[in-house]
Structure formats: C-alpha cells, structure tokens
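Protein sequences appear in the order of chains A and B.
One point on numbering: in my numbering, the residue at position 341 of the first sequence is 341, and numbering is uninterrupted.
Just so we're on the same page, my numbering is the position in the second sequence counted from 1, plus 1000.
Hints listed in this document are in silico derivations from the structure and should not be mistaken for laboratory results.
Just so we're clear, the structure is a prediction, and the values are computed from it rather than from any experiment.
A virtual CB, placed ideally from N, CA and C, is assigned to each residue, including glycine.
No false leads were mixed into what you were given.
In silico DSSO-like cross-links for lysine-lysine, where the CA-CA straight-line distance does not exceed 30 angstroms:
hint, chain 1, residue 1, chain 2, residue 2
1, A, K173, B, K1060
2, B, K1060, A, K82
3, B, K1060, A, K467
4, A, K82, A, K124
Which residues of chain B face chain A? A few of them, derived with a C-beta cut under 7 angstroms, are:
hint, residue
5, Q1036
6, A1039
7, R1085
8, S1157
9, A1163
10, I1272
11, P1276
12, I1287
13, R1289
One side of the interface only, derived from the structure: several residues of chain B facing chain A at Cβ under 10 angstroms:
hint, residue
14, I1034
15, T1045
16, W1162
17, Y1170
18, S1271
19, Q1280
20, F1283
21, T1284
22, I1286
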Amino acid sequence: MGYTGSYWDRVTARRISRRRALQMAAITGASAGAIAIVGCGGGDDDDETTGGSTPGAGEGTPVPGGTFRGTVSLVLGKDPHKASTFLTHALGSYSYSRLMRYKTVLGELSQDEWYTTALEVAEKVENPDELTYIFTLRPDVRFHNLPPVNGRQLVAEDVVYSFNRYQEISPNKANMSMVESVTASADGTQVTFKLKEPFGLFLNRVASFQDLWIMPREFIEESETASEDRMLGSGPFHFGRFEPNVEMTWTKNPDYFEKDAAGNALPYLDGINLAIITDTNQVLSQFAAGTLDSISVPPTLLESVRGQSPDAIFDVAPRNILSFLYFEPASYTADKAPFNDERVRRAMSMAINRDALLNRISSEGGEWPNIPINAGFGESWWLDPKGSDIGDAGQYYQYNLTEAKALLTAALGGNGEFSTPMHFSSTVYTTIVPYYDVVRESLPALFREAGITVSEVPEEYGVYITKTFGRGEFDGFTFGLESVFSDIGLYWANMFYPRDAGGGRNHSSVGDVTLVDRIQKMLQLQDIDEIRQENFELQRYVSDKMYYVPVVTPVEFNARTPRLKGVTNITGPTTYALGTEVQLTNWFSA
Amino acid sequence: MRQYIFKRLALGVPTLIGVSLLVFFMLRVLPGDIVQQVAGDNLVTDEDRARIERDLGLDKPAYQEYFSWIGNAATFDFGLSLRDRQPIGDRLQRTLPTTIEMSLLALLISLVIAVPIGIISAVRQDSIADYVGRSVSIGFLAMPTFWLGTMIIVYSSEWFRWATPLPRDYEQIWENPWANLKFLLFPFGHFVPAGPSVVLGVSLSGTVMRLMRTQMLEVLRQDYVRTAWAKGLRERSVVVRHALKNALIPVVTVVGLQVPILVGGSVIVESIYNVPGIGQWFFTAIIARDYTAVQAIALLTALAVVLSNLIVDITYAYLDPRIRYS
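Next comes chain B alone, as it looks inside the complex (with noise of 0.2 angstroms):
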C-alpha cells in the first residue's frame, strides 16, 4: 500500500506541473493584464507599462519568470501578490484552512443527509418516505448554493433582521473552536444551521443521496443480501452491515469528485457569507489579474484534487477487500 501511495504521489507531479503551465500562460495570455489595471482609467504609455512591469518583476521573459515561479512554489514560497505586495503565503496561512474546513464540513453535512435519506428511500422503496426523499433530493439539486445562500440572508435580514458575523468575527478552530463553528453552521446564532457548510453541503448533499439509493436498490438485489434475509437477519444488520459497506463504494468516488465542485462552490459562498477563505480571495484575483496569487491557488486546488483522488482511491480499499493494492 506505501508503495502503491509513493507511486501516485509521483504520478500526481505531472499533474501539478501541467495545471502550473496552463495556469501559468493561460493567464498571461488573456486579454487584459494587470498593467492596465494597475494604470486605472489612464493611458498606459509604453514608459508606464515598462516601469511597472518592472516593480511588478513581470519584465523578464515568461519561460524564466516560470521556472523561477515554480521553483519557490515547489518550497511553498508563492511569493507576493501583484495587487497588494504582500506575501502570498501568509495569507495562504489564514485563509487556506478556513475554506478546507468549511469544505470538509459541507462534505460531512452532506453524507449525514445523504446516506440514510438514501438508505431509507431504497429499503422503503415506492414508499411515502422514498417519495418525501426522492423529492428532497431533487429539491437539493435543483437549488444553486448561490440562490440558497443568498435567500438566506436576504429573508433572515428581512424577517428576523440577522445579520451573519462580520468577516473581522472569524476565529480559526484552533482559536476559539465554538465561534468558528458558529460562523460556518450557525451564523445567526438560535442554533438555525443555515451557515455557509450548511448550504454547501445541502447542495451536494442531491447528487449523493440519488446515488445511494440507486446504489442500495442494486446490492439489495444481490444474492449475498437475499441470503442475509434468508438467514433471518435482521433488517438493520442486513443492511448496514452487509449492503451498505458495497454500496458506499460508488458514493465515495461521487464524494472524491466534489472537491473541486466544492472549491468552485466556496467562491460564491464565501462572498455570499463573508467567510473570509481562499475562495473569495481567488475571485478577487482572477478580476484584478494577479497573477501570483491566481497561480498559487490554482496550484493548491489541484494539489487538493489529487490528494482527494488518492484519498477515495485508499478508501475503496478499505470498503472492498477485493482491492488490492500494490
């Protein structure tokens, strides 16, 4: 298994590498660069444009200004942002474990939603529960998390006059691990989970409860299950100790995927929310073109995204002894 782990780490290089080169030209290659907005609504003369490439250090050729990136990336050191010259680090730092832990909690959301909604429909097949459940599932999908989120706030303000914390009330949860919670589940306090997890994981939470009551409804059929209930089982061990385990298997791989729907989903919400993550902060950059900061956090992402893989990868080994790696 170390060796199998070693080997897709090694594999996940090349990955990293062309999401870097992509990132990398791909932005300088857009219309619309940073010089420009650095000018504002002023003429950039070619005078202007020299000098602030220079203080940008954007005067060198992109080939040399890439593998002088890559190299202080390799060792974490992103450098400074473009906008505000302050290291991109240090605020990788503060806001890199904010949205991994609002993420983290919209993915457990989910599943505690998901799993026994879709367990529940499965075994009661056609049933009123199935119904109730099919049709949540639906109703989750079809909700966007920035309409979720947005209604939230506007009808809490509008009807309760609550107000989510403001950005300056975010406390990592090593600080102070109530008010973190609070932030991301309970924002307007009243124990009402409408927090910014809560509406991630509501939204995520439809495409893994279809998928595991289809799931379900298959291994239910299967002969190993019809044995179980032959033996005289009971309900609960038959299906959770004997279908669920097999059925898990294609949700995990669903789950593994979120990652970077998630990463995608914490830019809205973290705007929506005033969570003060890595999302809002690549938006923020993508329109300003700052180029490091772009850079750096499309990295992370796609570091993210093959750790994630890696991790739903070990997982099937756990759930399906049938999987052997080496």
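The following block holds chain A by itself, in its conformation from the complex (with noise of 0.2 angstroms):
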C-alpha cells in the first residue's frame, strides 16, 4: 500500500471511519495488563482542557450519579511513588494530583496538541530563566476530607516533601535528575524548581503520570504501610476498598477542586469500581452479559465481540507498546558478530513483513505505530515510517526479501545465512498482550526466508524480565516489549544513553556517543520547534542504524456501552492519568 496520507488517515480510511479513529479513546492493554477504561466522546469542537471543558456536542447535560464498572487484570501496590509500574501510577490518579497533566478534551483533539501539557494543582507557571520554573498553586485544592489529613488544603510544602520523597524510593527518580533544588515559598503558595541545566521539556516532564504525585506527609507517616494500604491524596476520588484478586474501589470526592464550565463539581460519577479479572475471556463474557461498561478488545477477537455486543460502541486507540527485536549486548560493547553490523540489523528488519503481521493479528490490520517511538504522541514528534519524512531510512521499514539477503550477503559473505538464538518471554506477556505469541510465532519462518535460522529460547517471565530485559544478559537477540514511555525525551534517553547514565532501558548497551551528545543537546534545547525537528532527526538517525528492529504495534480497540458519555479524548502514552485525564468527565445517560 503506497503513502497517501497521514498514519491515521490511512488507519481509518479501510474501515473505521476517520472521526472515531481521531476521537480517540482510553487504553486499556498496554505492557503490564489490562486497565480497562473507556473510549471517545462524542463532542467535535469543544477544545477546552478537561477541567474547564463543557459537554461533548448531542451528549446532553451530564448527569451526575452512577459507579463505572471496569476491570483491571493486575494491581502491583497502591503507593505510585514507590512503584515503576504504570498500573500504579494510573490507578493511583484516582486518588492523587499532580502539579500538571496532559491537555485531555472532549471530542477530537488535534494531533499537533496530543503531547500538550495543561495545569492541574498549579494555577500558573512562569519561567523567569532557563534553569528557574515557578509553579503557583491553586489556593481551593484540598486533600481529602478524610483522617489524617482531614481537608486540609495543599501547600506548596507539599509539593516539596512528595518531590523528596520521589527522590528517595521511587524507582523512577532518574527521571528528574536534572532537578538541583525544590523550594517552598515561605506562604506556601509557590514552589520553584532550580535545574542543574536546561530543560527544555521539563513541564511536560512535571505532567508526565509516572512521576511527581501529590501525597501528604501526615498520611505516609501515619504508620509503615500506610501508603500500601490505601491511598490518600487531592485526587478526585476517595480510596475504597482493594482485595486481591477481587476488585479496587473509589468513590466520589465531593471537595475536588475541579469544576466543568457551566460550574459543576466534577467528577460526575459517584464512583468507581474495577473488577480484579485475569482472564480475557471472563472480561469479554461480562462485557457482553452487561456487567462491565468498558473493556480493552484483544484484537483478535475484534469480530467476536462485535458479534456478541452490537450495540456496544468501539474505539480505536494507537497502542503504547513498543515492540522490538533487541541484540546481544556485546554487539555494542564488543563488536561482537553478526549484529554489530548495522546492515545484518537492517536485513532483519527488512525479513519482516509487517503487513502480513498486522492481518494475522487481526482482521482489521492495522498499521506500524510505534517505530521507533509512540505513534500516540501524534505526528508533530512522530515520523510515519510509511511517510515520506523518514526519509531514506523509510526502505529499512518495508519488506524486502531480496535487499534483506543481499544486505546479508554483504556482511557475512557466502550466502549470508547464520544461526542464532531467539530468546522471548513465554508467560504473562502471552497473555496480557493479545498479540505477543502471534507475533514471536511468526518471527521464525519470516527470518528464515531471509536465511536466518532461528532457535527459539523461551523464558518464564521473571527470568525473563530480571536477567533478559534487566540485566542483558542473553545471546543473540530478543523479542520484547517496552512499555510506555509518558514523554520523549524519556524515551531518548532511556534507550540510548549508557546504562549508568540514564539508559535504563538500553537493554543492548548501545554505545553510540554521537546519538548521546545529540539526545543531550536535544533536551537542552529551550525552543519546541528546534526540539521537535531535532527528535525527527533522530528518528530518521536510529532508524538508518536499526540499533533497536521495531516489530508492529497493532491498534487497540476498547468497547463500551453506549450509556458511557463525557469521554475524554485521550492521546496516548502521555495520558495514563485515569482519574484525572479519562475519567474525570464520564457520566452515564439514563
């Protein structure tokens, strides 16, 4: 299929029509399991943030009142500062606040504004210099109406204790390493953020849902568990109830500081109640018996359950998974044959038909999201690698077996065939991501056509993820998954700065010094514009090494009922937020 628009053009014009595909929905499947939450509005110009946002357009006057039913298949503890998972961070939005989030409205939201940061907790920010950020908080925010804290409201001391607090456990805290200080104003209504250099995308950073959470100091001190028994925050919601294996409950926070714009309290709902269920096919039988009111659709049975839920409204969404073959570390660090050389890297990618794997996946096909970077932060950072923009590296993309052999042929001499392992996580992963195993079946046969043989080494999840993924410690290459990234740069460095350094996820240690220096400079950059072009560069730049081969990412459709209204237009993997960027909005009509 030749180019002739944008990605989601081309998504939609097949069969899902344009206007649903852009109003986009929630995600409920992403890397560690389903979180399953809602799908599109129906508004079309409204373009307020969440908010401050009126209705969508037909919807009518919310009604305030009714428990969302969903479900979530994993919960790895309540506390989102000492978690690295996003299902904790995304959970614990229903409870907590943060200083920013990402720009959610109803209705369609323009691409070049899916990866916009908006004002939460913070009333306004200034930025006197370019290490200097001055965030003034709301003076009507308030921790819930609940012991220890009992109302009282937020302060900017705060603000500074959870950024502390951050800094000490959180797994994620490298994430803000570029932070020197974070001071209280002395009548608590101003925080200032000092950096040790310049930041260009530092409030997005702030907005990111993995990070800087709002928790109160009398809640974490109230005993040594506090903050796994239950969560206690600003957020919209008061905490419920959580059993294991059971369900997650909230219910409203009538003193959330947030109203919409006729000047409602929000949220709407009166409360929330996730379904703890492991087993898709529990979740779509409940979905179709009328006892869940959102799921996320494994595409593969897309058409079944479109079949058993007719009436049910499906959503698409791009996916925030990334998906990719990574190599031996010694491949970089020793120059280790064959993948140390770029063109067996490209002749790999190029074995791959993507098409092919896209329709075996589901009869909706689908498209190459995520290569190398989230599609969902939409095409103003994104390049399409069907586009034309990506340039001469766009041909690494395209299934060619005839240049994948010459390419090897050229680097191996002889025939260019090798033998080499292929390691893969055979548990959870097949699973929790409905495409995982359709994927790492087909990988085998697509190589071998190229003259690569493969020997499949599966390896039990925890292995996996601790001495695989973690440790890189394998041979040859490996079939995973990368979850999501809730902002570029985060995604830049992690990949490709050195492990010690920020590059957490380098999971090959690729050592390249020009790509750093050039990452490094990027998110110095004070200017959106020249940090946009940068990153399209870079883009274009891995995509000619191929230190990473990014496999496919199949859309995601979630369905709901159709009595779920007031849903926000979410933007992918910046807007994990499900209390305060999904949900806030939902109402149900009669």
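From the two separate chains plus the hints, produce the assembled complex.
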C-alpha cells in the first residue's frame, strides 16, 4: 500500500471512520496488563482542557451519579512513588493529583496538541530563566476530608515533601535528575524548581503520570504501610477498598477542586469499581452480559466481540507498547558479529513482513505505529515509517527479502545465512498482550525466508524480565516489549544513554557517543520547534542504524456501553492518568 | 488408633520442614528476583537493590530469613506479602476456605458421577451402559479443566449472553450458603451445573470411574461374592453390601491422591471463573516472585496433602476391618 496521507488517515480509511478514530479512546491494555477504561466522546468542536470543558455536543447535559464498572487484571501496589509500573500510576490518579497533566478534551483533539501540558494543582507556571520554574498553586486544592489530613489545604510544602520522597524511593527518580532543588515559598503558595542544566521539555516531565504525585506527609508517616494500605491525596476519588483478585473501588471526592465549564462539580461519577479479572474470556463475557461498562478488546477477537455486543461503541486508539528486537549487548560493547553490523540489523528489519503480521493479528489489520517512538505522541513528534519524512531510512521498514538477503551476503559473505538464538517471554506477555504470541510465532518463519535460522529460547517472565530484559544477559537477539514512555525525552535517554547514566532501558547497551551527545543537546534546547525537528532527525538516524528493530504494534480497540458519555479524547502515552485525565468527565445517560 | 494418628502427624513434620526448605531456597535461587520486578523496567543499581531489599526485609543472610520465617509460620504467622505489603494471614483467611470448599465440592461431584457409573459399568459389563460409561470416563479424562472451563465461559456468553458472577459477588458459605453454592455450582443461574467445582469434579471423575469399574469387576469375581449370589441374595445387596466396600479401598487411595491435583487444577479454574481463592493468588505470587506468599501457600498445600493422606489411611481401617493401626 503506497503512502497516501497521514497514518491515521490510512488506518481509518479502510474500516473505521476517521472521525471515530481521531476521537481517541483511552488505553486499556498496555505492557503489564489490562486496565479497562473508556472510549471516545461525541463532541466535535470543544477545545477546552478537561477541567474546564463543556459536554460533548449532542451528548446532552451531564447527569451526576452512577458507578463506572471496569476491569483491571493486575494491581501491583498503591504507592505511586514506590512503583515503577504504569499500572500503579494509572490507578493512583483516582486519588492523587500532580502539578500538571497532559491536555485532554471532550471530543477531538488535533494531533499537534497531543503532547501538550495543562495545569492541574498549579494555576500558573513562570519560567524566569531557563533553569527556574515557579509553580503557583491553586488556593482551592484540598486533600480528602479523611483522617489524618481532614481536608486541609494542599500547600507548597506538600509538593516539596512529595518530590523529596520521590527522589528518595522512586525507581523512576532518574526521570527528574535534572532538578537541582525544590523549595517552597514562605506563604506556601509557590514551589520553585531549580534545574542543574536547561531542559526544554521540563514541563512535560512534570506532567508525566509516572512521577510527581503529591502525597501528604501526615498520611505517609501514619504507619509504615499506610501508602500501601490505601490511597489518600487530593484527587477526584476517595479510595474505597482493595481486595486482591476481587476488586478495587473508589467513591467520589465531593470536595474536588475542578469544575466543568458550567460550574458543576467534577467528577460526575459517584464511584469507580474495577473488578480484578485475569482471564480474557471472562472479561469479554462480562461485557457481553452487561456487567462491565468498558473493556479492552484483543484485536484477534474484535469480530467476535462485535457480534456479541452489537450495541457497543468501539473506539480505536494507538497502543502504547513498543514491540521490538534487541540484540546481545556484546554486539555494541565488544563489536561481536553478526549484530554489530548495521547491514545485518537492517536485513532483519526488512525480513519482517509487517503488513502480514498485522493481518494475522486482526481482521482490522492496522499499521506500523510505534516505529521507533510511540505513535501516540502524535504526528507533530512521531515520524510515520511509511511516510516520506522518514527519508531514506524508510526503506528498512519495507518488507524486501531480496534486499535483505543482499545485505546479509554483503555483511557476512558466502550466502549470508546464519543461525542465532531468539529469546522471548513464554508467560505473562502471552496472556496480557494479545498479539505477542502471534508475532513471536511468526518471526522465525519470516527470518528463515531471509536465510536466518532462529532457535527459540522461551523464558519464564520472571527470568526474562530480570536476566534478559533487565540485565541484558542473553545471546543472539530478543523479541520484547517496552512499556509506556510518557515523554519523548524519556524514550531517547532510556533507550540510548549508557545504562549507568540514565539509560535504564538500553537493553542492548548501545554505545553511540554521537547519538547520546545529540540527545543531550536536544533535551537542553528551549525552543519546542527546535526540539521537535531534532527529535525527527534522531528518529531518522536510529531508523538508519537500526539499533533496535521495531516490529509491529496493532492499534487498540476498546468497547464501551453507549450509556457512557463525556469521554475524553485520550492521546496515548501521555495520558494514562485514569482519574484525572480519563474519567473526570465521564457520566452515564439514563 | 489415636497413637497411630499422632505418630503419622509427627512423621508429617519432617515432610513439612523438607517442603519449606525446598520452597524457600528454590525460590531464592530461581533466576528473576523480586527486586528487579519492583524496579520494573528501570536499571537496578547496587544502591537501589540494597534499599529495596532492606524495605522488603530481604537484607539478612538466607538461613536467618528461613529460621525467622519458619518460626513464625509454626504459629501461623506468615508475615507480609512482599508485593502488596498486606498480611498474608488475613488473605489466607479469606481465600483458603474458598479453595478448600471448591475442592471438596469437586471431590464430592467426582464421586457422585464416578462411583455409580463405575458400578453400573462393571455390573453390566459389555452392555450398552458399560460402553457408554467407559466412553464418558475416557471423555472426561481427555478434557483438561482449562479447556472445559474456557469452553463453558465462551459458549455461555456467545449463545446466551451469560456471565459468571464477578469476584465481588462471592460470599463464604457461612455468610450466604445459597449464593456461595450458586457461585461454585451454578454460576450462570438457571440451575445449569457448570461452575468451577463441577468442572474440576468432572475432570477428576474420569480416573475414579475407570478405577471403580476395574475394582468392581475384580471383586465381583471373588469367591465370597459368588457365595453371596449362591445364597440367593438380591443383586443390590450383593453389589452394595458385599462388593462395593472392598472395591472402594483402592478408589479411596486414588481419591486421596487427587488433593495435589485439585490444588493444581484450582490455579487454572479459579482464574477462568473469577473465584477469589488461593489458586489464583498462588499463580500471581509465583510470577511476581512474592516469596513470602508462595512459601505460605506451598507450606499449607503440603500440610493439606499430609492430612489428606492421613484421612485416607484412617478410611482404610473403616473400609477393611483387617487393617488395624497401632
């Protein structure tokens, strides 16, 4: 299929209306499980951010009340500072707030605004110089009216306390390593962040759902396990109860500080009730029976779910998982053949028939998003691998066996054939990421066509995540998944910096000094357009070098009951905060 | 008999200690530790590792940890889950009765299905009833629980839009007996027996059914049974009063051995049916390398196996008066 327009034009031109596709849904399944939440709204022309938005056109006046019934497959802790997993952060957003968030609207949000920050607890941000950010807090933000905070006002000292705690215990603390100091003003209304060095995307980092959640000191210090027993912050919902393998619930915070454009209190919903269900068939049958309001639909089962639930609204969204091949670290650290040669890596990419893979995954097919960064950042930040903007490197994403073989012959001599182990996780991914097995099973056959004989090395998830993914102790190459990157800078730094200097997810220990230098310089730029352009250049560069070989990530489908209204336009990796960005404006029609 | 029970219980102690040692140390040498899982995708520095291990109480030498854990476990204090920092004992109180009840019901169902069919199959050997009974038993043996459970969930939804209750709807038998039995036996309502206990029971019944038939055939050929026939006793009396009791002895052994199989089956069936029991927890705990939770569940499972074997031996004495324990 030739290039005829934007990625989303092409996705939606075939079977899904573009209007629906662009009214993006929230994401239910991502790398670690299935948090099932919401789809899209019906409004067209509203461009206010969530807090101040009006209802989507044609949906009517929001009716307060009702409990949202969703599902989550896995709950791994309740303390967003302690957790590394996006699941905890996503769920924490029901009860906690942060200084800023990403922009969401009711209805359609143009792609150039997908990666745009919005204010939350802060009502103003000043940037007097490139190293200083001053956040003025809203005066009406109060913690939940529950002991031990009893509804007291959220003040600057709470932000400082939370930042210090985050820096002390968070596995993600490197994300904020550019911060020199955080101080509170004497009157408690302002927080000043001083940076060690300029960081042009600092506000995006502050808005990330994986970092600066504001947690009150009294609560944390109440007991050693307080923050794991329950959640208590200034978010839109009070924590209700958690029973492992049963459910997690929240009730409406009647004192939440945000209102809609008409001055009505948010959230509209009386509560959130997430059933903990691990089995996909159970999730689908519960939705068909009407006991769940919204679910994530595995692409392989889309037609079946449509048949079972003909009234449901199906929304499409970019899936935020990166699916990719990564190579034995010695390829880069010790110049070990064959993956030290970029021609071999390019050949592997060209041996992957991405269209065929997507068609195997779902009758809806899909495209090749998340190559190399998340498509969910929007076209202002992401280069379409099929588009002309990707430049010459685009050829390496095209399926071309002849060229792949020629590259292998040139790189390895002889007939270019070689054998290599392929590691992969044989558990967890296979159940929670519905397309993982389909792709994994197909890869050896695709590589065989190019003369690469693959011996499969299945690894139990715990072994995989620790040894192969975490420590890079493997030979040959690995087919793996990468969970959400909530900001552009995090992608580049994590994947390409040295492992002990911020490259926590540099699984192959890629040691390209030039690339690291360019990333550092890009992150120090102040002008967003300049950052954007350099980000494009870097995508072209890594597509050419093929340090990691992106595979495919199908789009995500969510089904919801037509009664669920006021659904925000969620834009992918930046907006996983379910409570504050996704469900704040949900309501049920009669 | 009492002396025998005490002796058997005492002999169970080394078994339990052996299991505890095995589980404790195997978990720790297993590649893939909880520290990396807590850190997620992030690189674990030595400093991070030390802090996380300190937080989780894993910073002491393994033997010290073991003695501390086994000492507390002896008083049924299993500590906190490493994953969610909640008391394991509290969760065991909620989940263990559920799994025990589900398993006992499954055993009961398997016996209700297997024993009558096994008897009829043997008494009417080579008749249509026998062929049907044997076919059914082979069919049950061939159907794994995960397949049968999944098919029931999928097709109930596809054809009737039926769904099982959600986990939150589960109530213990002493809280609401009807709701409890409905969850485990008739989850779709309509008195359709398609619940988790039924699926487990059906799978177990195949083995028991075949054994029951074989044993009955053997016993029915014994001299004392022939004598009973010669005395002109009615068939029912011969089969039920004279043959069945002896035929049941090996069956009881096999039923006792089903306990570990039931534990394994519960892991899958609880996930498929949303049963908030110990099996589902065991599965997620292993994946998450939640050492303390896995240790507690494994130890209790071993205890259940020891006790079930004891019960089997005691049942022998009831069934066969020639067996006397002292």
